[in-house]
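Visitor: Chain residues, written in single-letter form:
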Amino acid sequence: MSDTRPDGCALVTGGSRGIGAAVALALAEDGWPVAVNCRVDREGAEGIVAKIEAGGGAAMVAVADVVDAQAVEQMFDDVERWRGPVLVVVNNAGVRADAIVPEIADAAWSSVIDTNLLGPFRITRRAVMPMVRARFGRIINIASVVGERANAGQANYAASKAGLMALSRTTAVEVARRGVTVNAVAPGYVQTELTSDVDPTMSRAIPARRPGTPHEIAACVRFLASSEASYITGTTLVVDGGLTA
Amino acid sequence: MTQTQQTQEKLERLVFDTLESFGAEPAEISREAGLKELDIDSLDMVELGQIIEEEYGVRLTGADFKETRTVGDAIDVIAARVL
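Keeping their order, the protein sequence lines are chains S and Y.
The opening residue of the first sequence carries number 1 in the working numbering; numbering runs sequentially from there.
The opening residue of the second sequence carries number 1 in the working numbering; numbering runs sequentially from there.
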């Protein structure tokens with residue numbers, strides 16, 4: 001681990017697969033001990049932990065539903081006991097429940113807002129002061145291009161991601177003076193389980209003519225988590241192959 | 001100096017030192033100094049509350065400092081709770 005970083009660890013929510021798994025591996029490569037959070041996919045999380053440990057890194061499985069306030073609190077206590085303050089948080093856990101607005105049921109609205117926005121808020125609230133005290137912190141929120149550009153059928157998802165970007169910016173200006181940066185990464189179309197139902201002809205609309213990969217998103221997160229990104233805060237890094245250019 | 005005066009002075013010293021660690025100019029820190037003028041914001045006050053809790057075991061949050069305008073106001077709020 002770099003000498004400029006205080007001792008601590010990283011937490012990646014939804015780290016058992018997709019973008020989260022790629023992020024966990026990338027942070028571990030950069031020397032961070034990584035707590036790999038999952039809600040139910042313990043096997044997936046354990047697989048990521050095993051890969052990190054096989055590469056000489058340190059990792060643990062941290063099971064918690066980000067919507068469960070008590071579970072989030074417990075998770076932080078467990079991770080802090082394991083490797084000290086959580087200095088990097090990647091709010092990646094997210095869900096979709098697509099429908100056009102007249103068809104979105106209350107439950108489909110709340111579940112998406114709760115997982116994608118309330119969860120990251122609670123995690124940010126818990127994470128921020130230890131980072132402030134350590135005079136180092138990195139909060140990276142995985143948002144989406146649909147938070148800024150409309151995509152019919154995703155009003156709930158879009159609202160949650162737009163909210164996440166606003167949470168990101170506001171938190172950033174509150175804590176910037178303490179060496180804590182808060183940024184969002186907005187992927188376009190990335191091939192993961194979350195997008196397994198997306199029409200493959202979607203690629204024709206993308207200037208890069210292909211979906212992104214979890215590794216390409218993880219590389220951006222890795223950079224934002226690094227000491228080199230210390231003057232980047234309150235911004236959103238769009239990673240979409242030119243889709244919204 | 002009485003014990004009370006010593007304890008009060010110790011608390012004042014802790015607050016002054018903490019504000020300095022937050023970036024306030026040491027020459028400008030006094031009981032009469034305005035927190036805003038010292039560029040002390042809400043986050044600083046939350047952190048001050050945590051430092052006080054670590055020292056005295058009494059929990060203070062940003063809300064406790066809502067009405068404070070000067071360094072002296074902050075010291076008085078803390079003193080009322082911990083001394």
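Note that these hints are calculated values from the structure, not bench results.
Incorrect hints may have been included.
Quick list of simulated restraints, FRET-style, between CB atoms [unchecked claim]: (1) G153/S - R81/Y: 51 to 57 Å; (2) T195/S - E12/Y: 54 to 60 Å; (3) A150/S - E32/Y: 53 to 59 Å; (4) D41/Y - A107/S: 28 to 34 Å; (5) L194/S - K66/Y: 39 to 45 Å; (6) E43/S - I51/Y: 40 to 46 Å; (7) D41/Y - R209/S: 43 to 49 Å; (8) K66/Y - Q70/S: 58 to 64 Å.
Computed from the model, here is a short list of chain S residues facing chain Y with C-beta under 10 Å [to be verified]: (9) V132; (10) V175; (11) R178.
Heads up, the beta-carbon is just placed ideally off N, CA and C, and yes, glycines get one too.
Visitor: Taking each numbered hint in turn, which are not upheld by the structure, reported in ascending numerical order?
Guide: Hints 4 and 8 contradicted; others consistent.
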